[in-house]
Amino acid sequence: MTGRSLLDNRPLCGAVGVAGLFCLVELAGRTGFIDPIVFPLASTIAGRAAALAADGDFLADVVSTLGAWAAGLLLTVLVAVPAGFALGTMPRVESALRPVLEFLRPIPSVALIPLALLLFSDRFDMKIAVIVYAASWPVLINTMYGLKDVDPLAKETLRSFGFGPLAVLWRVSLPSTAPFIATGVRLAASIALILAISAELLAGGASGIGTFIIEAGSSPDALEFIVAATIWAGVIGIVSNTLFTLVERRLFRWHLARTEGAR
Amino acid sequence: MLEISNLTHTYGSGPGAHHALGGIDLKVAEGELVCIVGPSGCGKSTLLRSIAGLLRPTGGKVVLGGTAVDRTPDDLAVVFQDYSRSLFPWMSVADNVSLPLRRKDMDKKQRRSAAMEALEQVGLEGAAAKYPWQLSGGMQQRVSIARALAYRPSLLLMDEPFGSVDAQTREDLEDLTLRVRSHHNMTILLITHDIDESVYVGDRVVVLSKAPARIVGDLRVDLPAPRDQITTREHPDFVHLRAEVGRLVRGMRSQSAPAS
Chain A
44 MTGRSLLDNR
54 PLCGAVGVAG
64 LFCLVELAGR
74 TGFIDPIVFP
84 LASTIAGRAA
94 ALAADGDFLA
104 DVVSTLGAWA
114 AGLLLTVLVA
124 VPAGFALGTM
134 PRVESALRPV
144 LEFLRPIPSV
154 ALIPLALLLF
164 SDRFDMKIAV
174 IVYAASWPVL
184 INTMYGLKDV
194 DPLAKETLRS
204 FGFGPLAVLW
214 RVSLPSTAPF
224 IATGVRLAAS
234 IALILAISAE
244 LLAGGASGIG
254 TFIIEAGSSP
264 DALEFIVAAT
274 IWAGVIGIVS
284 NTLFTLVERR
294 LFRWHLARTE
304 GAR
Chain Y
963 MLEISNLTHT
973 YGSGPGAHHA
983 LGGIDLKVAE
993 GELVCIVGPS
1003 GCGKSTLLRS
1013 IAGLLRPTGG
1023 KVVLGGTAVD
1033 RTPDDLAVVF
1043 QDYSRSLFPW
1053 MSVADNVSLP
1063 LRRKDMDKKQ
1073 RRSAAMEALE
1083 QVGLEGAAAK
1093 YPWQLSGGMQ
1103 QRVSIARALA
1113 YRPSLLLMDE
1123 PFGSVDAQTR
1133 EDLEDLTLRV
1143 RSHHNMTILL
1153 ITHDIDESVY
1163 VGDRVVVLSK
1173 APARIVGDLR
1183 VDLPAPRDQI
1193 TTREHPDFVH
1203 LRAEVGRLVR
1213 GMRSQSAPAS
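Note that the protein sequences, when read in sequence, are chains A and Y.
Just so we're aligned: the first sequence equals residues 44 to 306 in this note's numbering.
Just so we're aligned: the second sequence equals residues 963 to 1222 in this note's numbering.
Same shape as in the complex, but just chain A:
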């Protein structure tokens, strides 16, 4: 009962936290604890953020970032899921490539942006390349992990009815791995957003939230613009994560029912 009511109150708790922080920053500025010239008032930032939502130039930047994000994420799924299946179903290929993967995985993706800049003359291509590189990891790893989790008896059941290995892969391994892939894609979506904006920040380009932030740096109200744009970037991240979580819950109800039932 207590756990249930706490869960019900979670959005409320979050709202209280956000409002509390807002008031704290506002108060710090109003009392002079933080000079509003050093860091703008919370209300000023909120006003600026609201104004940005109606600003055509900023919206075009948001659309540009989201375009790269969506294209990158789509490409990530198209690359990483088959790769995960290849590695997960062919142990020899996996052992051959494992050292390479272990070497590449810890490299911070953002550190590869300068390299990507040299390799890709087109900024959009460069953005997509770093997004796909960074976002592929959780999808790849989750796909491989999900494949290991496929119940051998489920596969054997289908085999016993005379189905071949490809049918077993398609009808048992894929659906059984799908919830793990979905979690990977949700994680990848956050990473893709980080990489899209990082690439814009580091490499500039014609448009994008990152480009907007860099260009805002030279305006007199630089700080207000930068913080407001950053807040919108955060909102996009939260919205994407929430949407992905909702879709996951809806599509993979069977997976939840199972894992929660086993607890």
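Please note: incorrect hints may appear among the correct ones.
Residues on chain Y that point at chain A, a partial pick, calculated with CB under 8 Å [unchecked claim]: (1) L1016; (2) D1044; (3) P1051; (4) R1065; (5) Y1093.
Here are the simulated lysine to any residue pairs, SDA-like style, with alpha carbons at most 25 Å apart [as the list claims (entries may be wrong)]: (6) A:K198 / Y:R1065; (7) A:K198 / Y:M1068; (8) Y:K1070 / A:L209; (9) A:K191 / A:R229.
Honestly, the hints are just simulated from the structure, not real lab data.
Being a predicted model, the structure only gives us computed values, none of them experimental.
Cβ coordinates follow ideal geometry from the N, Cα and C atoms, glycine included.
Got chain A sorted already, so can you dock chain Y onto it with the hints?
What follows is chain Y alone, placed relative to chain A:
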């Protein structure tokens, strides 16, 4: 219809090798319900998996309907003990039952109606749209049975099919098996470690020894039909047979010669 000759199987090699089957010879006639009973870990499941073509035995031969089994045969279905793992949780009950029918030359509508018919036979026509995990254990195992029935196999293999359900459900499922079997005139090979169950459902009880498994008894069960959970189990022949099978399972000498 099923002929097993000198079937042996060894897991691993060298000193750590486990000899599961030590030469099994068994013939099952069309329409027979044969129970295979033996002490736990005696290789019953190895035998079943060899017949189903899920495992390549080290030696010997399995011939089903005149052809040697070297891969999973087409007209065979298996009901496993662990229904929760053997049913696909992402599919509705009806879809679970109709999935194997994709192997047959049937369109979607035919598959659907065959699935509904099989579900009706196990008394689950109302659960078609549900998901397996929304059903009780006994109901889930009924779905597995329906899936096997819809496939209309010439041989149905059941691997400890009632081992994971409560006693009441177990009796219901035993009777269900007897009912659908007389309706379809199927050949069934049922593996169990439950001596009473083997005598209650079987036309024949084949007793295996400890690993490496050999056949130590092959008894014909001539109990009056239809069998009934109360009257059959108090029948003197039942009491006699279960004692006989019990002695054989425990490795004691048989009191009378095997019936066949």
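So, going through the hints one by one against the coordinates:
no.	hint	verdict
1	L1016	holds, 6 Å
2	D1044	holds, 6 Å
3	P1051	holds, 4 Å
4	R1065	holds, 5 Å
5	Y1093	holds, 6 Å
6	A:K198 / Y:R1065	holds, 15 Å
7	A:K198 / Y:M1068	holds, 23 Å
8	Y:K1070 / A:L209	holds, 21 Å
9	A:K191 / A:R229	holds, 20 Å
When held up to the earlier numbered hints, the structure conflicts with none and fits them all.
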